[in-house]
Each structure stands twice: as structure tokens, then as C-alpha cells.
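Colleague: If you want the building blocks of each chain, they are given just below.
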Amino acid sequence: MSILVGRETRLVVHGITGREGEFHAQQMQDYGTNIVAGVTPGKGGQRALHGTVPVFDTVAQAIHATGANTSVLYVPAAAAPDSILEAVTEGVKTVFCITEGIPALDMLRVVEVVREYGARLVGPNCPGATSPGRAKVGIIPGSIHREGSVGVVSRSGTLTYEAVQAMTDAGIGQSTCIGIGGDPIIGTNHTDVLKLFAEDPETDAIVLIGEIGGSAEEDAAAWAAEHMADVPKVAFIAGRTAPEGKRMGHAGAIISGGSGTAAAKVTALENAGFLVAETPTEIPALLRRAGVS
Amino acid sequence: MKIQEADAKQLLRAEGLPVPPWSVARSVKEAVTAAEGYLADGSGAVVIKAQVLVGGRGKAGGVKLARSRDEAETAANAILGMSIKGITVRKVLVGPAADIVKEFYLGAILDRASRRIVVMASAEGGVEIEEVAKRDPSAIHREAAHPLLGLADWQARKLAFGIGLAGPHLKSFVLIAKGLVSTMLHNDADLVEINPLAIVRERDADGNTVERVVALDAKIVLDDSGLPRHPGLEALRDLDEEDPADIEARIHDLSFIRLDGTIGCMVNGAGLAMTTMDLVKRAGGEPANFLDIGGGARADKVAAAMRLILADAKVQAILVNIFGGITRGDEVARGLIEARAIQDREVPMVVRIVGTNAEEAGALLRDARFETAATLDEAAEKAVAAARAVGGAA
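Heads up: the protein sequence lines correspond to chains A and B, in order. Just so it is clear: in the first sequence, position 97 is 96 by numbering that gives the first Met the number 0, and no numbers are missing. Just so it is clear: in the second sequence, position 196 is 195 by numbering that gives the first Met the number 0, and no numbers are missing.
Quick caveat, the hints were computed from the structure, so don't treat them as lab data. All C-beta atoms in this analysis are idealised placements derived from N, C-alpha and C, irrespective of residue type, glycine included. Wrong hints could be hidden among the right ones.
Unchecked claim - Simulated DEER-style distance windows between Cβ atoms:
#1 B:Asp203 x A:Ala262: 54 to 60 angstroms
#2 B:Lys133 x A:Gly117: 37 to 43 angstroms
#3 B:Pro20 x A:Tyr116: 44 to 50 angstroms
To be verified - To be clear about the criterion: a stretch of chain B counts as covered by chain A if any three or more of its residues have a C-beta under 8 angstroms from a C-beta of chain A, and this derived list gives those stretches:
#4 110–119
#5 220–229
#6 353–362
To be verified - Straight line, CA to CA, 30 angstroms or less: simulated DSSO-like cross-link-like pairs of lysine-lysine:
#7 B:Lys280 x A:Lys245
#8 B:Lys218 x B:Lys101
#9 A:Lys245 x B:Lys133
#10 B:Lys63 x B:Lys28
#11 B:Lys58 x A:Lys92
#12 A:Lys245 x B:Lys313
#13 A:Lys245 x B:Lys101
#14 B:Lys28 x A:Lys245
#15 B:Lys101 x B:Lys63
#16 A:Lys245 x B:Lys300
#17 A:Lys245 x B:Lys58
With the rest of the complex left out, here is chain B (with noise of 0.2 angstroms):
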């Protein structure tokens, strides 16, 4: 699960990380409010960002810098109910404008093929690290933590001197890149990212200048299995961003993803559904969603995959696919002809039930005369030509 910046920059902060302050508007009159608050005391600009879950919001526009309040009144306006890749701006970030000498990235994140957290440091903050990977690998400097001892601090200190933060800046990069990998284990996280991790300067107290190393940025990625023994970090789960039909699929228990063909697909089990997906296309047909019913589905489940799939307006045909493990053949026919009998509209279906009591659910399924499939490729064809009627007749 993806968390805002703002939600992500509390995290950090929880776990002693330097953060400026920010404040979260939901209107234009919050914004101006809060931008009026940092420019009073003594910030010669704001910045205003856009809260979204999807990367690229500067390029977008959905980042500007205000100097007074009129500014600020200006940049909330255009913002706020702006569309980045086609999620709506529902509330924007304003915090201080950091006075930035110079950025880095620094990143943790679940690495599977070592099966360890990698710690990755970067001069080049700032900018899409993966633009970075790929332009020269040996700009990312990289340090595996111990699984059971975590991030020592000459791992932290070697990256610090692998990007070129020494001197009176180490100290600081050395807790802030141990309290990358604390807050990832505290909150159960795949990736906890700060781009640009930077050295600013800043007014202390007695008006002298000083500079020190703040997070401006943070992007934060929960493991969802780990959820349930977190549950203040379920209550960040932006529900503004999220599709109506995912809400439905997560209540439900369903791994739901929406795609843009015609054929409906409804497997169990994640390898078969995206193999179910891909002989749909070989068919010469387009997948209208990945959908795992997971094991031991009951007929209720079955029920709600169906009303998952008939709510999309482009499905012109429906492919089951099931092969019984776990799940019982007859329980998923019993769903299949519940769901038929109360949905609104009528789209050809074409089921493949194999395995554990799949003569049950033949038995069922030619009783309540559904259109069967012996094999995946079968099934697969017919699906395609079934959609192909309907669309050809449309």
C-alpha cells in the first residue's frame, strides 16, 4: 500500500528523522492559511505540492513555489482539482521553501534476490533514480543491512563517504540513513525512499546561518501482509485515490486489477489467471481484468468476483477459469449460477471447472446451461469469439 508524502514525512519523523515542517490543506483557503503562517515567520517562500500516490508530479505542474500569499492563492488554485495521470489533486502539501545547497537520494528497500534490505545512497538526488541506475549504476552506492542486526554505522558512514557527505554532515546522514531501515521495520514497509535527502541552510535561533541535512521529500510503500499488525497505518490508506471496484475486490478478498479489453476473467490462483490473460490475447482477444479468486473461494466470493466483472461497462464476455485444488469445483458453479440469476445484464460466459469435484460442477453448470470448456486454450477461443458476437452486433 502507497501512502501520501505527507503520511510518509509523519513516519519518518516518528522515527527522529529531520523533517521541515509541512502543514496538509484540503482547500485553497487552507493552503493560503497555512502558506501565510510559514511566510510570517520568516520563510521567503513556500512550496506547494500536490498529494498524489503517482510518481512524476513536478513534470506535471503539480509543484510550484509561492513568494507571498497571493502566489500561494494562485498555485492552490491551479493544483487543487488538477488531474496527474488521471488522479484528481484532492489536497496539496505547503511547507517552507528550503534554501537547498546541494541533494541526494537515499532509499531502503526489500531486496528478494539477496533477501535483504539494501540501503542505496546517490549524489544525484532529486531525479528519478532508476534514470540514474540505468545511466551509470556506479553513481548508487549500495550497503545490504543484516536481517537480524540491521544497518551498522560504518555501512551508514561508507555510504556517506560514497557520495561525498563528510565532515560535519556525517553524523547526521549516519542516523538518518539507520533511521531509513528502523522505520522500515517498525512499519512493515517494502521501500522507504527520501529524493532529495538535502543539505540546506537554514536561520538558528540566534539569526546565524547554519546548514544541515533534511529530508524534503518521502515516499513510503507498506507490505500489506503486514497490516493487520499495524492498524494506525490502515487508516492511511487514501481511499480518495483508490477505484471504487478495488475497495470492492479488498472487502471481498479478491486481487483485483482493472485492464482495458473486453473479456471478463475470473481464475484462482495468480499464475493461472495471468497465464488465463495471456492465451485471452494469444485468442486474439483483450483482457478486461486480472482477477484471483484465491483458494478455497466460496460461492459468495464467486458471486462478488462476478459483480466485480459485469460493473465494467466493456466486458462483452466472461472466461472461468478454475482448476480445483483447494477450491471445489461444484461451490464455484453454485456461485457462478447465483450471480447469473440476479445480475442486470446479460453477457456470454464461458466456464472451465477442472479438478477437486469438477464432475459436480459439470453436472451443475449443463443443468443451468453455461457454455463449458474442456481446455484453457478452448475456453480461451470461445471466450474471444463470444465477444466478438456481441461486439460485432453492437
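Just chain A, with the same shape it has in the complex (with noise of 0.2 angstroms):
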């Protein structure tokens, strides 16, 4: 199974002619992702990827040409909350947006949008989703992965990586790791993952991985803690030294006003039954000790 990308994703890529999207998307079609259609804007009839990607003007013909299912953002921010308004309201159910920089207020509007479609949102100013073996949509270096049955949530991108790299290193395979952006607004949470993870019957255990900022860990571990009682689980806090009032470079990661400490967080996520890394590279042996084989 895995979650949210896997065997059946069939993956539109929005702005597959330009530089960033093009290489990303060639890494993700290199990985076995399953790349059918592009779009850009006044492109239509081109083909991508040496001619093996069909270039659409919008997204409904792509997906009457290819019945896409999956979205992937590489587009600027200005254009962003437009691509994911077109691709939910034409039927799109699972959008990556993996650009940043977007106004928090739009993406405000857009999420209440992509709600009433009943789509899900992952991001935006997030690095994507991998399931090792499967699939990979976004910007995530396929060769940290090992297929396996850890599920991986992070605010963070190249801290999970780290994260993932340690797992992989330490024979420890993962069953879908996901990123879902440190924007102060998000489609996706961490409760949100872990509902998905609690229902894949492929993931058998939980890394969690946070920094300071808001509230979302400590909500997360409320619900894990009633609904994933016996999974084994783990967590890593970035921030634990960062001074208050500072915005840590991701708009979200900012202590105030005593909230959002990682001294919280961890309590919480302890609380809630999991073991609490450290380091990243504590995260494989912690994972052992709580029962991953």
C-alpha cells in the first residue's frame, strides 16, 4: 500500500518545462515514478522528458488525455495557488505544492477551496512524498530511501533527509516519507499523516519529526497517543536551542510568547508514548528499542 503516492499514482506535473520542474522531473520518472502528463500554459503539444511526456495547455486535458490523478507544483509563487485551484476544481484529489514563497493569506483561501473538493493538499514549500520502490513525487533524493515499513512526517526537508539517510543506513526501510512544509499555512498536518499511516496496513511504525513553532506537534501526539497506542513511535524536535522571539527561516519555526517551545514539544510527544531522538542519527536505534525489526 504505502500512502498518498505509490504504484497508482499517475502524476501531472504542473510546469514540467521549466528548469526546476524538468529535472525534478526526470528524478522522478528515473525512480519509476509513473510521469503521465505535463502542463504548462501555452505549451500544449509539446512533449517532455525526451518525448515521453505528454505537454498539456491545462489541466483538464491532461487528465481526459491520461486520467491523471496526481498533482506536482513546480511553478512560480505568483502562479502556485492558481495551479492548485485548477487542478482540485478539475477533479485533481491529491496536490503537492512544492514551491515557496507564497502569501500565507492565499493559500488560506486556497485550502478552504481545496476542502470543499474534498482533495487533499501536501504543502505548500514542501519537499514532496516518497514510498521506496514505488513512487516519488517532488524533490526528496530517491537514493536515501529503503523500502520498508517505518512511515516518516516531517515539517522539515533536508533534516529529513538526514533523518532518512540514518534510517537507510541503519537497515532500516521506510513505507512512505512524507514532507509537508513549513508554511505557517498547510494542507496537510502531522495529524493528518499519522490518520493516513494508522490506516495503511503496510506501516507498522512512526518517525515523526518537528520543530519549534505553533502547535501542530503537540496535537499530533494528543491524537497518536488515543489512536496508535501500540505502534511503535519516534520523534525528533529541531530548536531545541533556538532563542525565543526568533524566526528560525521557515515562517512557521518561531517561538512566542513562551508557545511553540521545543521543551513542550518533547514533553508532549514523550506523554503521548514516543521516544524522543536526540539527534537524528539516534532515530534508528530508538526505532529498534520501541520493536522495529
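Using the hints, put the two chains back together into the complex; each one sits in its own frame.
Modeller: Pasting the structure below:
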């Protein structure tokens, strides 16, 4: 099975003719992802990725001709909200938005429409998701993965790579790894992903990677305590030494008014039955201790 | 991006919100002239407020009342040039002192948990809202604006009744609360706050005493991601209060925050950058900065990042941690070699590059005789040891 991306994924790449889009589309195809279409308004009729992928002007044409069911966006911030709206309105049920720098108030409206259409948005400003051995959507390097049964959910990009690489090096494989993005307004949060993992028969353990700021990790911890009591759970929180009032890169990563601290998140996670790693490299050992073979 | 009170008031006024008049003065002379004008217009007193982007101005003595020209001069003299939380006051806002009947709090924020704009109101105005929230959460009334429809009249009314603002002021409050949300939407703000919103006593044209609701203070934080489509707002950035390093970082699109330690950090990705700082601390060191060079950084950006780190005299060792994804390790290695060739002081550096093109990066770094590390833990330990060696020798 795996979640969100897999063998059943029929991917349409928005911005496939751009520099970023073309590069990552090639990486995804090389990994084995089934890329069925690209969309670039005004370039319909061309073919991308050495002639293997048809390019369309609109998402409607792409769906009609190829049965695309998943979108990934590599379009500029000014165009991304519109692309998301086009995808979900035309019937795409899963959208990954890699684009960063989208104004938060745009996302507020977009997220509302996505919900109205019963679609799922991952991101924006996220690295995407990989189900090792099946498909990868986004920008996560394919080489860091190994097939397995641990589900990974994270707010970060490269920090996720670090954690996943450590797991792979230790011989622990992943069912699906998802980066949900570091922006204040995102389509899918930690708890949403845990719910999907809880339903996935091929996910036997969880790694949750969080950061300072907000309360998403605490909310996820509370949900997991209730619904995933018997599942091995490991977590890591970045920003233990971050000072209050300083925004650490991600728009969401800030400790303000004493809330969003790493300490509060670690406590909430530990109380919910997570083993919390002090460094990413500790994650594999903690997974073993939690019962992962 | 935070903007000054005077600029925030301008944005509120542009939405039609009631804001009493004000002037901005950059010198005692300008302040006195402005004060004389308001006093001549019949104000019994003027208020002079430091324009700085940090909170706690009042407690620091940055807000003063003056009843005469001389008092205004004394107050402006005291405030201009004073230091508030390390920021030198370069300008003051001068305005007629309000005859306050009652103060309230009104604010709109982007609430990420509920993915809504939440409007908050409290009858406890003029004090820090965080304090009120801690002491008595029930004293704060909240309404979530619909993302597509905004704040409805009934919601604004509910807030007004909640804070006991009924009767003749209900209508103006509803307009102000809705105006707060439209200010947010029109300017891509993360936060718009009026504290205090006040019922004030004024004289109308006929000399009768009237009461009205006005914004006596204003605080607005803009969403950096929204700035590209509001070129006018970019002009409100207060370069006076910005550290030269921050300006440099912004030009090169680097996410940089200076801290107090001795180990400079250069990392790609915010989460990994924070983790690197945490590991430096765990190894017994103190990070000198947070620095995320972002995805896909090229050699020139790496060189700029290195200049930023080295500009901090406290830095005694540098830790470079790159997990290549979109970022190519060899590009980073080239940037490091380039930067070291022209840097004006020798600082020990530990480099760890993994992921995309890590092998090519390793070869380049070996040839250039850089100290390298295989894991992040090892890199942190080596950097801390190197800083100790430098610190001990000094």
C-alpha cells in the first residue's frame, strides 16, 4: 500500500517545461514514478522528458487524455495558488505544492477550496513524498530510501533526508516519507498524516519530525496517544536551542509568547508514548528499542 | 516584516479606520514644531512616542506626555537618541493626547492551527494581551473570519457585546473590526493590532463634548512572502533598525540570525540548520548564528554566506553542514574554496557534505585541504574542539 503516492499514482507535473520542473520530473521518472502528463499553459502539444511525456495547456486536457490523479507543482509563487485551484477544481484528488514563498493569506483561501472539493493538498513549501520502491513525488533524493514499514512525517526538507538516511544506513526501511512543509498555512499537517498511516496496513511504526513553533506536534502527539497506542513511535524536534522571538527560516518556526518551545513538544510527545531522539542519528536505535526489526 | 506605528496607522487610515492625527519627527526641533501645532489647535497636551520596532516602549520611558512647548522639548530630548532594548530611537511620533474614557484591545492574527484569520477583542486594553491571555483566557473574545467571506457583521457585533461595547459605539466598532480584517487582506499582513482601541472624549466643531472610538496605537506585521506584490510596503522597511548583516543576508536571499556563540554555522534547510545548532550546543559549544542558505545554492551564495559568518568577530570556528538534494555538494565546495581564498582572517572550518554530488565535493575539499567530517555529530564535535583550541590560545 503506502500512502499518498504509490504504484497507482498517475502524475501530472505543473511547470514541467521550466528548469526546476524538468529536472525533478526527470528524477521522479528515473525513480519509477508514473508521470503521465505535464502542464504548461501555452506549451500544449509539446513533449517533455525526451519525448516520453505529453504536455498540455490545461489540467482538464491532461486528465482527459491521461487519467492523471495526482499533481505536483514546480511553478512560481505568484502562479502556484491558481495552479492548485485548477488541479482540485478539475478533479485531481492529491496535490503536492513544492513552491515556496506563497503569501499565507492566499493559502488560507486555497486550503478552503481544496477542502470543499474533498481533495488533499500537501505543502506548500514542502519536499513532497516518497514511497520507496514505488514512486516519489517532489524533490526528495531517491537514493536515501530503503523499502520498509516505517512511516515518516516531517515539517522539514533536508532534516528529513538526514533522518531517513540514518534509518536506511541502519537497515530500517520506510513505507512512505512525507514532508508537509514549513509554512504557517499548509494543506496537510502531522495529525492528518498520522491518520493516513494508521489506516495503512504496510506501515508498522512512525517517525515524526517537528520543529519549534505552533502546536502541530502537540496536537499530533495527543491524537497518536489515543489512536496509535500500540504502534512504535519515535520523534525528533529541531530547535531545542533556538532563542525566543527569532524566526528560524521557516515562516512557522518561531517561539513566541512562551509557546511553541521544543521542550513543550518533547514533553507532549514523550507523554504520548513517543521515544524522542536527541539527534537524527539516534532515530534508528530508538526505533529498534520501540520494537522495529 | 514589522513596520513602525506611524506607518501602521497610515495603513489603518487608508481602510477608513478612525485614527487621531499624528506627525513623525526626526529631531527635537521637528517634534517641538509638531507639538506647538497640536497645542495651538486646542489640545491640552501632546503625547510623544518613540518609534521603534520592539515592544515595551512605555516601560522603557519612550512614551511621554507634554503640556507645553517646553515640556515637549524636554520629552523629545529625552526620547530621541535613547536606547530601547538595544535600538537607538531615531524618530518620535507626536500627536494630541487623548482624553480616554475606556481602553480595549482589538487584534487580528493569522491562526495556523485553525487556518483562519482570528479576530480577538478584550475589555482589558492598553496592557500586554499575552499577559491577559495567561491570567484570564476568558477575558479574550475570539471570532474566526471566513477565508472567503471575511468577518461578518454579526461576528463583529458578538465581539462588541462580549467586551461590553454596546450602545452608540456598536456601529463604529463593527466597522473597525471589519476594517482590521480588510487591512490584513489588502496588505498581506500576519497581524494587525490596535492596543488600545479607545473611547475618547473630543470636542466637535460646535464645541460640544462627544465620544468616539479611535485607534490610539497600531501594530502591523507584514507577511514577507506578500511583499513582492506590494512594492509600496517594501518602502516601509525601517533600515535604521536593521543590522547591516540582516540587510546583507536579505540581498543574497539567505536566512540569517545572529546569536551569541562562537561557532558559525552554514547549513541548507531551516530544520537542519536548527538541528545543527542543537548539536553544536550538545557538543559543548555555542552557535554564533542560524544560517540557511536555502535550496539549490550556488557558489556565489555560499561565498556570501561565508562573508556574513566571518564578519562576526566572535566566530572562532565554522561548521558547514550540507545535505545535498536540490543543492549540489560540489557547488558548495567550490563556493567554500572561493570564499577561503579571499577571506581576511583564518578561522578553522569543518565541512560535512553528503547527498547530491558529495563525492565530487569530497575530492575538491581534500585537494584544498579542508577539514571534513562524515556525520553531523562528528562535525559538531570537531567544530567545538577547534573553537576551544582557538579560544584557549587567545
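Colleague: Each of the hints needs a verdict: does it hold here or not?
Modeller: Results of checking the hints against the structure:
1. B:Asp203 x A:Ala262: 54 to 60 angstroms: holds (55 angstroms)
2. B:Lys133 x A:Gly117: 37 to 43 angstroms: Since the Cβ atoms of Lys133 (chain B) and Gly117 (chain A) sit about 39 angstroms apart, the hinted range of 37 to 43 angstroms holds.
3. B:Pro20 x A:Tyr116: 44 to 50 angstroms: This hint holds: roughly 49 angstroms between Cβ atoms.
4. 110–119: holds (count 5)
5. 220–229: As far as the region 220–229 of chain B goes, the hint holds, because 6 residues have Cβ atoms under 8 angstroms from chain A.
6. 353–362: holds (count 3)
7. B:Lys280 x A:Lys245: Answer holds: Lys280 (chain B) to Lys245 (chain A) is near 17 angstroms, not above 30 angstroms.
8. B:Lys218 x B:Lys101: holds (19 angstroms)
9. A:Lys245 x B:Lys133: holds (21 angstroms)
10. B:Lys63 x B:Lys28: holds (16 angstroms)
11. B:Lys58 x A:Lys92: violated (53 angstroms)
12. A:Lys245 x B:Lys313: Holds - the C-alpha atoms of Lys313 (chain B) and Lys245 (chain A) are around 20 angstroms apart, at most 30 angstroms.
13. A:Lys245 x B:Lys101: With Cα atoms ~34 angstroms apart, Lys245 (chain A) and Lys101 (chain B) exceed 30 angstroms; violated.
14. B:Lys28 x A:Lys245: At roughly 36 angstroms apart (the allowed maximum being 30 angstroms), Lys245 (chain A) and Lys28 (chain B) break the hint.
15. B:Lys101 x B:Lys63: holds (19 angstroms)
16. A:Lys245 x B:Lys300: Holds - the C-alpha atoms of Lys300 (chain B) and Lys245 (chain A) are around 23 angstroms apart, at most 30 angstroms.
17. A:Lys245 x B:Lys58: Between Lys245 (chain A) and Lys58 (chain B) the Cα gap is close to 22 angstroms, so the pair holds against 30 angstroms.
Of the numbered hints stated above, those contradicted by the structure are hints 11, 13, 14, listed in ascending order.
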